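Novice: What follows is the residue order along each chain.
There are 2 protein chains.
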Amino acid sequence: MTRHYNFCAGPAALPEAVLERAQDELLDYQGRGLSVMEMSHRSPEFVAIAERAEQDLRDLLSVPDDYRVLFLQGGATMQFAMVPYNLLGQGGTPNYLHTGIWAKKAIAEAEHLGGAHIAASSEANRLTAVPRPDDIDLSDDAAYLHYTANETIGGLAFDYVPKMASPQGGGLPIVCDMSSSILSGPIDVSDYGVIYAGAQKNIGPAGLTVVIVHEDLLGRGRSDMPGLFSYRALAEAGSMINTPPTYAWYLAGLVFQWLKEDVGGLAAMETINRRKADKLYAAIDGSDFYTNPIAPLNRSLMNIPFVLADDGLNQSFLDEAEAVGLLNLKGHRSVGGMRASLYNAVPEKAVDTLIDFMTDFERRRG
Amino acid sequence: MTRHYNFCAGPAALPEAVLERAQDELLDYQGRGLSVMEMSHRSPEFVAIAERAEQDLRDLLSVPDDYRVLFLQGGATMQFAMVPYNLLGQGGTPNYLHTGIWAKKAIAEAEHLGGAHIAASSEANRLTAVPRPDDIDLSDDAAYLHYTANETIGGLAFDYVPKMASPQGGGLPIVCDMSSSILSGPIDVSDYGVIYAGAQKNIGPAGLTVVIVHEDLLGRGRSDMPGLFSYRALAEAGSMINTPPTYAWYLAGLVFQWLKEDVGGLAAMETINRRKADKLYAAIDGSDFYTNPIAPLNRSLMNIPFVLADDGLNQSFLDEAEAVGLLNLKGHRSVGGMRASLYNAVPEKAVDTLIDFMTDFERRRG
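Protein sequences appear in the order of chains A and B. Reminder that position 12 of the first sequence reads as 12 in UniProt numbering, one-by-one numbering, no gaps. Reminder that position 201 of the second sequence reads as 201 in UniProt numbering, one-by-one numbering, no gaps.
Possibly wrong hints are sitting among the right ones.
Which copy? The list can't say, so a pair holds if one copy fits it or any two copies do.
Using 20 angstroms as the maximum straight-line C-alpha spacing, the simulated EDC-like pairs for lysine to aspartate or glutamate come out as follows [what the hints assert, rightly or not]:
| no. | residue 1 | residue 2 |
| --- | --- | --- |
| 1 | K349 | D28 |
| 2 | K104 | D65 |
| 3 | K104 | D262 |
| 4 | K163 | E45 |
| 5 | K104 | E215 |
| 6 | K105 | E236 |
What the hints contain is simulated information worked out from the structure, not anything from laboratory work. Note that this is a predicted model, so its numbers are computed, not measured.
For reference, chain A alone in the conformation it holds in the complex (with noise of 0.2 angstroms):
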């Protein structure tokens, strides 16, 4: 068996101390004589499993306890629909920050469901920075002010969080699609009315979606809303009205352990991803070759996207890097280029293997 070094930006690289261990449990979880698989999501060991792994996420983010965390499925995208169905119930407008593709997807769907309104854009600057709070102008009415703290695609990053003031007094729920950067460092979950992530960048195997949500929020759902939607009944449930995805969620609990016990939780974590993500800035700005276009404060520390000088050597430097252990390297097909995910799983070895590659290549064919 060899393992590569996988930049993909997900479903994303896990650790291998927790595939391994996976691996290991696969078909008789701790002598039950069953794989997880295998076990109902109401048995007394799958329910242990889910409350240890809700526990740990709780530890690592600091959650308070007037938040509800939820396992649920759909990615985030389905939380797209999922947000202004529980949200809207006593009126008003969804309001958006919008800052990329994964941003505008978002507001696509709540303008589907009723409307949204944008409450500032970071196209005017080709979405090469976040807009500062003083461009931020919600409306009257807004109800909630939702933005993508990590832009997966373009590599945009949020430096801070927008908290804003009610035009209508009182605090305003601040959502965050924080489905590429959660858990890569430490955040203040009391900033946040609702917290939503796609497990498959930092938490987990794809078809797991975690969302944190104020209690507060719970009752201002939308009657038309199908019932598997509702943040309330999924609360009151645990997760479980139906069978939730079990094994995924198992996973994602294992990574969470990973996180405590061996990195040390995300203060250590960060200081990782910091180191990483600094290098590869580093090599990239210090080569005629590369570039990143992203404003130095809004840059990405989990996707680093990166041109080469010469468009026509994109395939050869795939090719190369493939050839040498340096898998999923192709950026996004809506913008091209190349793109390295540095998710907590990519160990700092991979960074510098591919920093190395990378000077290579220029030296080579630059």
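Put chain B on the given structure of chain A with help from the hints.
Specialist: The following block gives chain B in isolation, referenced to the frame of chain A:
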């Protein structure tokens, strides 16, 4: 490692050969240097896995070319909403057959989303027999007829497909929740407009839902449905509007390969399933201690509930069964008693061992 016999109603036992192969490939899929969990859903490797799974499923069920096969999230419960959203865009009333707890949930969701007509119900016979064709009273504006092929909790199965002429003339789309009986034997897909099934019984792990839908039904959706609900959009995107549950899809593919190659197809599978179920029903009927209440014509091959003559012995029965490696025989919390689920992956030897245990228990304690 010891593998026990697992009679869980779902998530259910998986074929040991499938688990062994998954274990073997977990960290390195066929020399690619990464896990299937870590692959982009748009990579050539994963696309090949996904396409082969669909083809194998099509082969097993002889799915005609004018049907689309979707691999989705959310379980059958999400389909309770997606079906009316997708089929009622041109008006009409959805018609349902009520045969038990799962049918009732589907009806409740359709009522919540706009209304439903119950065309026949098994309540009068206390959910022990399905309605006969003459009992089915469609509404004049019936848009489709929905039924539950096999009630997982009640152990009640249809012995026929309730194909009905539409009151408006032409064929009436038949929609079937086949979650707990799909792949247990051959079916004629052309009888149906929509077939859907949560994976966690006969297909794979929880978190995957298979939908088989006739192309003619793809254009009938309500304009107000969430974007991710649209069968048409999902079909056009090859079930990849967003990241699908890739690992569950892969495991389902391994189960399909097992059914084709190890078992020899669905006719062979049905022969085995019938032999397993016949044995257990014979043991129950031949005893004065165990009882199954279902009409012989409608007895499920997959889920066999039974009660003990003395309820006070339930816990002893379960404890002693577990001690000899017979797991998850407790009946659903809503009905009590026992239930043995004999899905495809439950080997005949498991049924033989269960019957021996039941006979011995009756002799000692009955």
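Novice: Evaluate each hint against the coordinates.
Specialist: Tested hints:
no.: 1; hint: K349 - D28; in the structure: between (33 angstroms within a copy, 19 angstroms between copies)
no.: 2; hint: K104 - D65; in the structure: neither (32 angstroms within a copy, 35 angstroms between copies)
no.: 3; hint: K104 - D262; in the structure: neither (37 angstroms within a copy, 47 angstroms between copies)
no.: 4; hint: K163 - E45; in the structure: neither (40 angstroms within a copy, 42 angstroms between copies)
no.: 5; hint: K104 - E215; in the structure: neither (27 angstroms within a copy, 30 angstroms between copies)
no.: 6; hint: K105 - E236; in the structure: between (29 angstroms within a copy, 18 angstroms between copies)
In summary, the numbered hints that this structure violates are 2, 3, 4 and 5.
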